[in-house]
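Chain residues, written in single-letter form:
2 protein chains.
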Amino acid sequence: MIVYCVEVKVISGKEGVFEQACLENRKGTRKEEGNHRFDVLQQSDNPGSFFLYEAYSSPEAVKAHKETPHYLKWRDLVAPWMAEPRKGTSHRVCAPLEVSGW
Amino acid sequence: MIVYCVEVKVISGKEGVFEQACLENRKGTRKEEGNHRFDVLQQSDNPGSFFLYEAYSSPEAVKAHKETPHYLKWRDLVAPWMAEPRKGTSHRVCAPLEVSGW
Numbered sequence: 001m002i003v004y005c006v007e008v009k010v011i012s013g014k015e016g017v018f019e020q021a022c023l024e025n026r027k028g029t030r031k032e033e034g035n036h037r038f039d040v041l042q043q044s045d046n047p048g049s050f051f052l053y054e055a056y057s058s059p060e061a062v063k064a065h066k067e068t069p070h071y072l073k074w075r076d077l078v079a080p081w082m083a084e085p086r087k088g089t090s091h092r093v094c095a096p097l098e099v100s101g102w
Numbered sequence: 001m002i003v004y005c006v007e008v009k010v011i012s013g014k015e016g017v018f019e020q021a022c023l024e025n026r027k028g029t030r031k032e033e034g035n036h037r038f039d040v041l042q043q044s045d046n047p048g049s050f051f052l053y054e055a056y057s058s059p060e061a062v063k064a065h066k067e068t069p070h071y072l073k074w075r076d077l078v079a080p081w082m083a084e085p086r087k088g089t090s091h092r093v094c095a096p097l098e099v100s101g102w
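Protein chains in written order, with this note's numbering: chain G, 1 to 102; chain E, 1 to 102.
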């Protein structure tokens with residue numbers, strides 16, 4: 001399992017449309033065979049700061065995700081709403097190790 | 001649901017013991033009534049950078065967690081292994097909204 005985290009800072013006034021775009025992307029992503037989780041979060045003390053928490057079964061699954069229509073649509077749609085370039089980081093999972101934990 | 005994220009930078013050589021301490025803390029935390037998730041991650045391209053992803057049912061559950069013996073033990077044990085102060089951020093959940101998604 002690989003967890004890919006994405007931090008996004010959104011310009012003021014675009015929080016609502018950004019959230020909706022992420023929920024659409026999530027809907028498609030959760031149907032991908034290699035995706036196990038896609039959480040959309042908004043920082044409590046900073047509504048312009050969003051966090052996507054995505055779990056995939058392999059590096060190939062991450063790559064496949066980035067070629068899907070829902071991801072590409074999201075990427076292009078949200079681009080003008082970003083206050084700064086988004087920051088993605090890839091993680092090894094220490095726990096939970098069982099697939100049922102995802 | 002509230003998601004509490006913690007970023008920890010660990011000094012070189014302490015990655016293994018830090019991971020073990022987090023797994024112990026996780027074991028106790030997952031038994032708390034208000035805890036729904038506790039993922040322990042290590043950044044793929046930076047083994048000294050860890051990420052804890054904790055989901056709680058309420059602010060009270062977060063507070064209760066910080067008073068548990070397993071949390072206090074973890075906090076004191078890992079303190080000398082940190083390369084810089086750890087950074088915690090609290091999040092509102094946009095998705096998944098159903099409790100079964102956690």
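None of these hints come from the bench; they were simulated from the model. Among the clues, some could well be false.
Remember, identical chains collapse to one label, so a pair may be satisfied in a single copy or spanning two.
[As the list claims (entries may be wrong)] Distance condition first, Cα-Cα at most 30 Å in a straight line; then the derived DSSO-like pairs of lysine-lysine:
no., residue 1, residue 2
1, Lys31, Lys73
2, Lys73, Lys87
3, Lys9, Lys66
Verification of the hints:
no.: 1; hint: Lys31 to Lys73; verdict: within (16 Å within a copy, 40 Å between copies)
no.: 2; hint: Lys73 to Lys87; verdict: within (18 Å within a copy, 32 Å between copies)
no.: 3; hint: Lys9 to Lys66; verdict: both (20 Å within a copy, 29 Å between copies)
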